[in-house]
Amino acid sequence: DQQVKQNSPSLSVQEGRISILNCDYTNSMFDYFLWYKKYPAEGPTFLISISSIKDKNEDGRFTVFLNKSAKHLSLHIVPSQPGDSAVYFCAAVLGGGADGLTFGKGTHLIIQP
Amino acid sequence: DGGITQSPKYLFRKEGQNVTLSCEQNLNHDAMYWYRQDPGQGLRLIYYSQIVNDFQKGDIAEGYSVSREKKESFPLTVTSAQKNPTAFYLCASSILDGNQPQHFGDGTRLSIL
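Those sequence lines, one after another, are chains F and Y. In terms of the working numbering, the first sequence opens at residue 1 and continues consecutively. In terms of the working numbering, the second sequence opens at residue 1 and continues consecutively.
Watch out, some of these pointers could steer you wrong.
[As the list claims (entries may be wrong)] If we take Cβ atoms under 8 angstroms as the criterion, some of the chain Y residues that face chain F in the derived model are:
| # | residue |
| --- | --- |
| 1 | Ala31 |
| 2 | Gly40 |
| 3 | Gly42 |
| 4 | Tyr48 |
| 5 | Gln50 |
| 6 | Gly58 |
| 7 | Leu96 |
| 8 | Pro101 |
| 9 | Gln102 |
| 10 | His103 |
| 11 | Gly107 |
[Claimed, not checked] Simulated restraints, written as ranges between beta carbons of each label pair:
| # | chain 1 | residue 1 | chain 2 | residue 2 | range |
| --- | --- | --- | --- | --- | --- |
| 12 | F | Glu15 | Y | Asp54 | 45 to 55 angstroms |
| 13 | Y | Ser67 | F | Arg61 | 35 to 45 angstroms |
| 14 | F | Arg17 | Y | Glu15 | 43 to 53 angstroms |
Everything labelled a hint here was simulated from the structure, so no lab data went into it. Here a beta-carbon is modelled for each residue, glycine too, at the ideal position from N, C-alpha and C.
Excised from the complex, chain Y in its bound form:
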């Protein structure tokens, strides 16, 4: 089955620690995205990548880092510089051929201990 897999479903982090969220897709999509959702809010774009070894900052990139070493994988690191990391993180992917919808994984909920 083709899709987007995010792991883990739930993640806990101590203050001052970096943590990495995994996102893998087998849809052969070129573009991948990371969004953050807070309660009562829409999704906000953190980072995106249209091609391997290249990525761009979204609207709220501060305190986050990403890599795109493989087409299938786009991990997100939440660094200790992110002051409010508790949120629901969503990964998405899409093809880059005209207007195409993004398809989402089931998300990772990150909480601070």
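Isolated chain F (complex conformation):
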């Protein structure tokens, strides 16, 4: 029973446009959410996070939005660049995160020239 869901296995976006990656969760006790970027045969790299007490967090080209009532978060990348092509994982945390992360299955983002 998946608690964190990324329903789009892949997403294709033109270079320079906005990429929007979505994530839904079922456990209302999650209190911290993270996005990771992963290239093949490498470990995930932390991108951006958001606490459940906020609804938006921004870092350069990356913005994460959290809608707690809908149990939904999204990652916006603008403008999209070729180096953004990777698999993006949404992850959620209970109570500070010491017990580990719960991951979605990932979305493969492809930036087309």
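We have chain F; now place chain Y onto it with these hints.
For chain Y alone, kept in the frame of chain F given last:
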């Protein structure tokens, strides 16, 4: 350079053999984690440790064992009891101070001969 080192990058195991994957960190992080990734899947938590000489089972601990004799090291043993050991194994670490992201190594790919 601070970071997490996993070795080897690729590992092969014969049926019925135990094999140990290494994970070392020089980030002075208290917590360490092991995850498994299968094709098209998210990362799933195997074991985690918040302090030396203590560790807890994650969601898929069966067939695995760990030790935490030093703060810097958290080796994972894949035993012969693990029925489907072929996967990409990722080690992570984090500090235990509120919501903090986990940082990952580059992984070990284990294959059965």
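How the hints compare with the structure:
no., hint, result
1, Ala31, "holds, 6 angstroms"
2, Gly40, "holds, 7 angstroms"
3, Gly42, "holds, 4 angstroms"
4, Tyr48, "holds, 5 angstroms"
5, Gln50, "holds, 5 angstroms"
6, Gly58, "holds, 6 angstroms"
7, Leu96, "holds, 6 angstroms"
8, Pro101, "holds, 4 angstroms"
9, Gln102, "holds, 6 angstroms"
10, His103, "holds, 7 angstroms"
11, Gly107, "holds, 5 angstroms"
12, Glu15/F to Asp54/Y: 45 to 55 angstroms, "holds, 48 angstroms"
13, Ser67/Y to Arg61/F: 35 to 45 angstroms, "holds, 41 angstroms"
14, Arg17/F to Glu15/Y: 43 to 53 angstroms, "holds, 49 angstroms"
When each numbered hint is compared with the structure, no violation occurs for any of them.
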